[in-house]
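S.K.: Next come the chains, spelled out residue by residue.
Protein chains: 2
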Amino acid sequence: MSISEVSSSIELPVAIDAMGGDFGSSVAVEGAVMSWNTLGIRTILVGKKSELEGHLNVLGISAPNGISIVDAPDVVEMDESPSVAIRKKPDSSIRVAFRLVSECKACAVLGAGNTGAMMASGIVEWDTLPSLARPAIASLVPKQGNLLPAVLLDCGANIECQASQLVQFAIMGDLYAKKLLGYDTPRVGLLSNGSEATKGTEVTRAASKLIQTLEGINYIGYIEATDLAKNVVDVIVCDGFVGNVFLKSIEGSVSLAAACLNEVAKDNFIGRIGLMMASPLLKAVFEDKFDPSAYGGAPLLGLKHLAIIAHGSSTPRAIMNAVKVANQLSQERLTTMLDAALKVAAPRMRSVS
Amino acid sequence: MSISEVSSSIELPVAIDAMGGDFGSSVAVEGAVMSWNTLGIRTILVGKKSELEGHLNVLGISAPNGISIVDAPDVVEMDESPSVAIRKKPDSSIRVAFRLVSECKACAVLGAGNTGAMMASGIVEWDTLPSLARPAIASLVPKQGNLLPAVLLDCGANIECQASQLVQFAIMGDLYAKKLLGYDTPRVGLLSNGSEATKGTEVTRAASKLIQTLEGINYIGYIEATDLAKNVVDVIVCDGFVGNVFLKSIEGSVSLAAACLNEVAKDNFIGRIGLMMASPLLKAVFEDKFDPSAYGGAPLLGLKHLAIIAHGSSTPRAIMNAVKVANQLSQERLTTMLDAALKVAAPRMRSVS
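In order, the protein sequence lines correspond to chains A and E.
If you're matching positions, the first sequence starts at 1004 in the working numbering and goes up one per residue.
If you're matching positions, the second sequence starts at 1004 in the working numbering and goes up one per residue.
None of these hints come from the bench; they were simulated from the model.
Remember, predicted model here, so these are calculated numbers, not experimental data.
Take the hints with a grain of salt, since some may be wrong.
For chains that are exact copies, the list does not tell them apart, and a pair is met inside one copy or across any two.
To be verified - Heads up, simulated EDC-like pairs for lysine to aspartate or glutamate below, C-alpha to C-alpha not over 16 Å straight-line:
(1) K1286 to D1270
(2) K1092 to D1082
(3) K1202 to D1082
(4) K1182 to D1230
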């Protein structure tokens, strides 16, 4: 029985780097309280002990059930160079949180801070899975109505990718979609500048040829960014530069559409009344459907254990959602399964750059 | 006096490849009629003469003012390989249209067909400007309210770019924004995965360093795709793969938001009434503001003369808007100015790959 399996069978808590996030450590503390009260999931808050205890006191909770605190004197700030700060600060909250998992005291790490620091801590404290070059960040993008969202990866961890990395992203995205969202045979597509096989870059064309040959992957070929509005793809694979632009442009476009709607409403009284009547619908779409924090964070897929990045501007509810996802993926033994799937595909990867 | 200056001073007509476009040649014919009736701009319809005359007859116009027809027996279809088809079909409507400009019979080409065929015809019949490797496609993306749109380039002509190409796109986008939209000192930004100078790829970092040194360019550094919703940039520079994904994701996101709004309205009677009352506002944003055809086509910047690509699904009004843009940019002598600006910058380009 592997370490991961032991971990999941005794239901370890989720370690939260409480010092990350734009809104300070109180959000992490409230999120931990919500996680226990609402979901019954245990957490370990890692950070400056006195500060965290202070937040618990403000909430009127002195010896909380399901929440423990582990003291970590240092903090990696958002503006620090991740690789330097992580090495210089072995007792930073983020590294201590990662160590709790190595020591089998927690099942996963959750952080809402510096993405680069999460990546660097994961590599320093845990290392990547043996068959993988570098982990990828997987996010969810919405679909219409009640349809499950699609998985998008990489969202920014790997700016320049080789074909073999895109193939590995396809394998990891497929498994993540199955385990997190319950897809049976998710449709996997490679994001390109057109649907024809002649489109794309040398790297995407090489990756596309190889993904076709993978058993158990329902590969549908190239997809385009306009396919977002159609229900044609469940796992969208691309390099981290393109994925980052794609994810942020969805956010930018929807914000822009909402702002334009408010702008044109200024000169139209009846329209303005109409928008007020439709405000629950507008909120459901513009705030909830496209709210990145609704989905409970983005995992760093491919580390030896499970790490989840919550949005820097996470609310306590977003932290709770991310704790839920961390717990679920740990129970599902996602990391063990990723390791096995990447090992199976490894011999084929040698045929491409 | 250069050829371009002669062309503009005698107000040559715009040559339209009437055989391109998803909806057949009747759209081009109606667009030409609207251009003359509404704007007084002359056009030459290039394509199968009998077919085009038939469309004019249906419209009740037998000897139209301001419109002439040039017969071209061949057509490059949307699904043909552009480079092969263009060379095999010297008498295709698209090549004949380009030749009319070489022969000083038209000031610009407008096509709504195969983008690759437009590019290939431009290179075969005209060639690129001497200091430029390959032309770029420039599109417009909306901003809030009454703000002028931003220019985005390259939108798909150059899938893999060197730093020097991105620098040339910055120069061309700056001039295009000035000449088409009347920007005085447009803010030029390089699309990246973050705003810090350490972000991006090797290519974007090299390009960023060089653009900073260009005189007369108001370079603001890296921008992110979320900046779409903020009024911070007027010219967005990126390679054609990223630009294509960015442009299509705007279209996809806005379509998705509109579809989601209709979806949630199903279960909310009052909200549905509200949306009906606000329908002029919704139309103004979701249909008009984000309608790619509202902006009159995307030029292929960097050919020796002016070529405009209209959307494949253009309406007659979209064709008219594109004719107007072709006429305006020809009057503004955009190509001559691009040539001069690229020549000035050429010595610096040798310092980067």
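S.K.: Give a verdict on every hint.
M.R.: Do the hints match the structure? See the list:
Within a single copy, K1286 and D1270 get their C-alpha atoms only as close as 22 Å, which misses the 16 Å cut-off; across copies the closest is 14 Å, which meets it. Taking the shortest Cα distances, K1092 and D1082 sit within 16 Å of each other inside one copy (15 Å), while across copies they are farther apart (58 Å). Taking CA atoms no more than 16 Å apart as the test, K1202 paired with D1082 passes between copies only; the shortest distance there is 13 Å, against 38 Å inside one copy. For the identical chains of this complex, K1182 and D1230 are neighbours neither inside a copy (23 Å) nor across copies (34 Å), given an alpha-carbon limit of 16 Å.
Violated hints amount to a single one, hint 4; each of the other numbered hints is respected by the structure.
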